[in-house]
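Q: Residue numbers (the numbering used here), protein chains in the order written: chain A, 1 to 479; chain B, 480 to 618.
Mixed in with the good hints there might be a few duds.
Below, computed lysine-lysine pairings styled on BS3-like, alpha-carbon distance capped at 30 Å [unchecked claim]:
#1 A:K48 to A:K103
#2 A:K131 to B:K558
#3 A:K103 to A:K175
#4 B:K556 to A:K131
#5 A:K407 to A:K179
#6 A:K103 to A:K179
Listed next, with one range per pair, are the computed distances between beta-carbon atoms [said to hold, decoys possible]:
#7 B:S608 to A:P37: 58 to 68 Å
#8 B:G579 to A:Q392: 40 to 50 Å
#9 A:G318 to B:D513: 33 to 43 Å
#10 B:D513 to A:N432: 51 to 61 Å
Calculated directly from the structure, the hints in this document are not laboratory data. We put the beta carbon where it would ideally sit given N, CA and C, even for glycine.
Here are the chains, one letter per residue:
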Amino acid sequence: MPDSWQLTNRDHKAAHHELLTLTASSDCSLRTVWLNPSDNQLSVAEMKIAEESFPSLAVHLPETAWDEREIHDMFGWIPTGHPDLRPLIRTPRWPETYLPLRKNQQTPRWLEVEPDLPALKVEGDGVTIMKVGPTHAGIIESGHFIFSLIGENILHLDAHLFQNHRGVEALLEDKTIDKVAPIVTRICAADTVSNQTNWASAVERLVGFTPAPGTVLQRIILLEAERILSHLNDLAQIPAGVGFQVAHQRALAMKESWQRSLELLYGHRFLFDTVHPGWTRSAPADLLLDSLANLHRQWVPWRQLVVGHHGFADRMSGVGRTTLAQIDRFGAQGVAARAAGKTFDARQSTAYYEGFFNGSVTRSAGDVQARFDVRLDEVEASLQIIESAAGQLEIESPTELEFLVPKDLSGRIVTFTESPHGLNSHDVTLVNGIVFRYHIRSATFRNWPLLAQAVADNAVADFPLINKSFELCYSCTDR
Amino acid sequence: MAKTIRSLQIRHVDAGSCNGCEQELTALTGRDYDIQSHGIDIVASPRHADSLIVTGPVTDTMALPLDRVWETIPRPKVKIAFGNCAIGTGVFQRAYASHGGLADSDIEIPGCPPHPETALRLLCEWMTSHRRSHHTYIS
Numbered sequence: 001m002p003d004s005w006q007l008t009n010r011d012h013k014a015a016h017h018e019l020l021t022l023t024a025s026s027d028c029s030l031r032t033v034w035l036n037p038s039d040n041q042l043s044v045a046e047m048k049i050a051e052e053s054f055p056s057l058a059v060h061l062p063e064t065a066w067d068e069r070e071i072h073d074m075f076g077w078i079p080t081g082h083p084d085l086r087p088l089i090r091t092p093r094w095p096e097t098y099l100p101l102r103k104n105q106q107t108p109r110w111l112e113v114e115p116d117l118p119a120l121k122v123e124g125d126g127v128t129i130m131k132v133g134p135t136h137a138g139i140i141e142s143g144h145f146i147f148s149l150i151g152e153n154i155l156h157l158d159a160h161l162f163q164n165h166r167g168v169e170a171l172l173e174d175k176t177i178d179k180v181a182p183i184v185t186r187i188c189a190a191d192t193v194s195n196q197t198n199w200a201s202a203v204e205r206l207v208g209f210t211p212a213p214g215t216v217l218q219r220i221i222l223l224e225a226e227r228i229l230s231h232l233n234d235l236a237q238i239p240a241g242v243g244f245q246v247a248h249q250r251a252l253a254m255k256e257s258w259q260r261s262l263e264l265l266y267g268h269r270f271l272f273d274t275v276h277p278g279w280t281r282s283a284p285a286d287l288l289l290d291s292l293a294n295l296h297r298q299w300v301p302w303r304q305l306v307v308g309h310h311g312f313a314d315r316m317s318g319v320g321r322t323t324l325a326q327i328d329r330f331g332a333q334g335v336a337a338r339a340a341g342k343t344f345d346a347r348q349s350t351a352y353y354e355g356f357f358n359g360s361v362t363r364s365a366g367d368v369q370a371r372f373d374v375r376l377d378e379v380e381a382s383l384q385i386i387e388s389a390a391g392q393l394e395i396e397s398p399t400e401l402e403f404l405v406p407k408d409l410s411g412r413i414v415t416f417t418e419s420p421h422g423l424n425s426h427d428v429t430l431v432n433g434i435v436f437r438y439h440i441r442s443a444t445f446r447n448w449p450l451l452a453q454a455v456a457d458n459a460v461a462d463f464p465l466i467n468k469s470f471e472l473c474y475s476c477t478d479r
Numbered sequence: 480m481a482k483t484i485r486s487l488q489i490r491h492v493d494a495g496s497c498n499g500c501e502q503e504l505t506a507l508t509g510r511d512y513d514i515q516s517h518g519i520d521i522v523a524s525p526r527h528a529d530s531l532i533v534t535g536p537v538t539d540t541m542a543l544p545l546d547r548v549w550e551t552i553p554r555p556k557v558k559i560a561f562g563n564c565a566i567g568t569g570v571f572q573r574a575y576a577s578h579g580g581l582a583d584s585d586i587e588i589p590g591c592p593p594h595p596e597t598a599l600r601l602l603c604e605w606m607t608s609h610r611r612s613h614h615t616y617i618s
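Extracted from the complex, chain A is given alone in its bound form (with noise of 0.2 Å):
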């Protein structure tokens, strides 16, 4: 019989909900937040952990079986009925009994034996297993991937990820309010605005602080310019992908020219320590216009050179496939999601965003040409945000309000905001103005499974296409 916990959030799924945060806790809770994109409602399910186990949600709700593995190997507390507790993030070099996220752990000394997992591979005649990894032929992130390949096609692919596991969340406990920005600010490069606004907006709702007009809009504009920079960045490798060089060297030079533009308006290639609680680096509106203007100039003609280009298309078209089921079964996020289908996009809950976002970009096949005509049209629709958000600029003071954060600031709050990989939230829980909880569940966490599936039945020789293609982030997954 299924209980209460299962249930409750079993239903959230059935009503199409979208699960922001499954967090455990060293008090021996258990939460859910689930967002209702139709009326922008939270829901909370908490229960509490008895006899160091709880009742499996991975089953019925897929997008919490790495969440709950995770559990399992931070806190040591067993999901009963999981159909696959291998461990996710700890490795046989980690001390039995080392739990990492459970308060007073000393840190460890590492066992002196490989790191690697077991692999989930296909047995059978005409298999071949091909591991990959963690060290890569390229400038990339480190991850380790098994393929079980028929031929040339791929069977089935073990995704080993987490070697960059630095342990952020357990190095954000005990930290003032003061001491987290700069880590935070670092978990990602390519999603830094959005985790940046999520802390901020979580100290200042906490305080029951609302930033200024002027602030908002800042906000706006920097995860705008974020999400351009890290699309630009995703539109240059997947010509990559397929050898397009031409493309793929002009995007890049694109990409460098925004970051010149936002060195000069903030300070930073990256927006690195741009969002705090209390007050945000600004641009001045005729800058930031100028920017616009100059990536605009560079775009249109790079458009028009990988929209009308047929070989191109037809490398793009059908290869790495998902479906809306497989969407909906995965909790997926993002541009993955809307390629297939899906129109949820967290700015059209995000108050911030009210007047500025105009409806969500989707495409219906799913495939790597979806993945990219999707980042296309948001990469124009993102510099049209900008704009109309530079043009109030003027309009709104820029004065900051005066930010104070009480000493003893103490409380439990989920924010989330749509970094460039889709749906970031972060629960954090602060106990006399020191930080007692910080867990970041982002976006690339939930779509990595889904890959998985995209990959399946394609030419070994297209994985890294398609992989471009979801260009999902090792280290906000890994943390």
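Chain A is already provided as a structure; the job is to place chain B on it using the hints.
A: Coordinates of chain B only, in the frame set by chain A:
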């Protein structure tokens, strides 16, 4: 006979970076910085390399694979710490699964992430000084 350095053929290993250093390394290969025109390139195999660029604070899971790549690079060779995390001055040094950067790098390129201009300048300066002084750089 002591060898002098005329070019750098670099293998890259990410040991826990945030992807900022990777993006700036990629920028170095683009037309604006064009590291190949300075005799520097990123190569696909450690056996083709004479140097290793490491990004990130060296996570425990990447520590052994990183050592293995270093061992595979033929001598003489140099180890380059790219960015504050790899140098040991980043924000993740004290995270439990971080080894706190490289202990034995030959070249340090600071920044979070390093600016491509800085990286290119430091790499070129290093090559120039080693060419002029005829130092050995055997590790």
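Q: Take the C-alpha atoms of K556 (chain B) and K131 (chain A), compute the straight-line distance between them, and say whether it is at most 30 Å.
A: Roughly 27 Å between the alpha carbons, so the hint for K556 (chain B) and K131 (chain A) holds.
Q: CB of G579 (chain B) to CB of Q392 (chain A), is that within 40 to 50 Å?
A: 46 Å, holds
Q: Is the hinted pair K103 (chain A) and K179 (chain A) satisfied, with a Cα-Cα distance of at most 30 Å?
A: Satisfied, since the Cα-Cα distance of roughly 19 Å is no more than 30 Å.
Q: For the pair supplied as a hint, K48 (chain A) and K103 (chain A), confirm whether the alpha-carbon distance does not exceed 30 Å.
A: Holds. K48 (chain A) to K103 (chain A) sits at ~17 Å (cutoff 30 Å).
Q: Kindly confirm whether 58 to 68 Å is satisfied by the beta carbon distance between S608 (chain B) and P37 (chain A).
A: Given a distance of about 59 Å, which is inside 58 to 68 Å, the answer is holds.
Q: Taking only the CA atoms, is the gap from K407 (chain A) to K179 (chain A) under or equal to 30 Å?
A: 14 Å, holds
Q: With 33 to 43 Å as the target window, see if G318 (chain A) and D513 (chain B) comply at their CB atoms.
A: Taking Cβ atoms as reference, G318 (chain A) and D513 (chain B) lie about 36 Å apart, which means the hint holds.
Q: Between D513 (chain B) and N432 (chain A), is the Cβ distance one that fits in 51 to 61 Å?
A: 53 Å, holds
Q: Given the hint that K131 (chain A) pairs with K558 (chain B), test it: the Cα-Cα distance must not exceed 30 Å.
A: 26 Å, holds
Q: Is the hinted pair K103 (chain A) and K175 (chain A) satisfied, with a Cα-Cα distance of at most 30 Å?
A: 14 Å, holds
Going through the hint list in order, the structure satisfies each hint without exception.
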